[in-house]
Amino acid sequence: ETGVTQTPRHLVMGMTNKKSLKCEQHLGHNAMYWYKQSAKKPLELMFVYNFKEQTENNSVPSRFSPECPNSSHLFLHLHTLQPEDSALYLCASSHQFGQLSGNTIYFGEGSWLTVV
Amino acid sequence: EDQVTQSPEALRLQEGESSSLNCSYTVSGLRGLFWYRQDPGKGPEFLFTLYSAGEEKEKERLKATLTKKESFLHITAPKPEDSATYLCAVQEFNAGGTSYGKLTFGQGTILTVHP
Chain A
1 ETGVTQTPRH LVMGMTNKKS LKCEQHLGHN AMYWYKQSAK KPLELMFVYN FKEQTENNSV
61 PSRFSPECPN SSHLFLHLHT LQPEDSALYL CASSHQFGQL SGNTIYFGEG SWLTVV
Chain B
117 EDQVTQSPEA LRLQEGESSS LNCSYTVSGL RGLFWYRQDP GKGPEFLFTL YSAGEEKEKE
177 RLKATLTKKE SFLHITAPKP EDSATYLCAV QEFNAGGTSY GKLTFGQGTI LTVHP
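Chains A and B, in that order, are what the protein sequence lines are.
Residue numbers for the first sequence follow the numbering used here, beginning at 1 and rising by one.
Residue numbers for the second sequence follow the numbering used here, beginning at 117 and rising by one.
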């Protein structure tokens, strides 16, 4: 069991659907991240939130909409996705983004998304 | 542009056959180099952080080392349960000398250890 919990673990959605991924961290961290992992590609950073404020948007299409209501929760709202968006979406957290001292990032188990 | 390259892409070992995985990086200012282990269908599990050339860290059968251009993950007498994808990532300083915190990952090395 990790300190970062993601739900659902698996999601199948049509291209016209709207769904959301949820992430909760129990580590007392202040920074949260969304990463995308596609087959045969390195993990790609999507968004970073630091103390609930978005600090990074890595040129992610607007069909992905993040929300961070507090430092413990992070959502990824999905709408009108494409089949190429099918991937493993990983949530992660760390103490503080931009902090000089050690800033290890801890990952959740991921949400497998299939767009049909 | 920062780059992280891992080799080999896949490695098959017999149980007890020691070997090493490589992670080469090019960054303007390295803040830290991270190793993660990822089992199929799961998220990456943190293993080590290395901060400066010459640093070494060990955990059970794993030992990570760091030079100015690359890191090695040495696996001594591996067991089948060591089979996983091993990911390397770098964290860089920005121009102001503080850490952004975000990680740039390599594509990973898939390790399979046969009994």
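What the hints contain is simulated information worked out from the structure, not anything from laboratory work.
Beta carbons are placed, not taken as given, at the ideal position from N, Cα and C, and that holds for glycine.
Check each hint, because a few of them may be wrong.
[To be verified] Every beta carbon over 12 Å from chain A, so not counted as near; a handful from chain B, in silico:
1. Gln122
2. Glu125
3. Arg147
4. Gln154
5. Lys158
6. Glu161
7. Thr165
8. Glu174
9. Arg177
10. Ala193
11. Pro196
12. Leu203
13. Lys218
14. Gln223
15. Pro231
[To be verified] Interface residues of chain B toward chain A, partial, derived using beta-carbon atoms under 8 Å:
16. Pro160
17. Phe188
18. Leu219
19. Phe221
Task: Index of numbered hints that the structure contradicts, given in increasing order - done: 1, 2, 3, 4, 5, 6, 7, 12, 13, 14, 17
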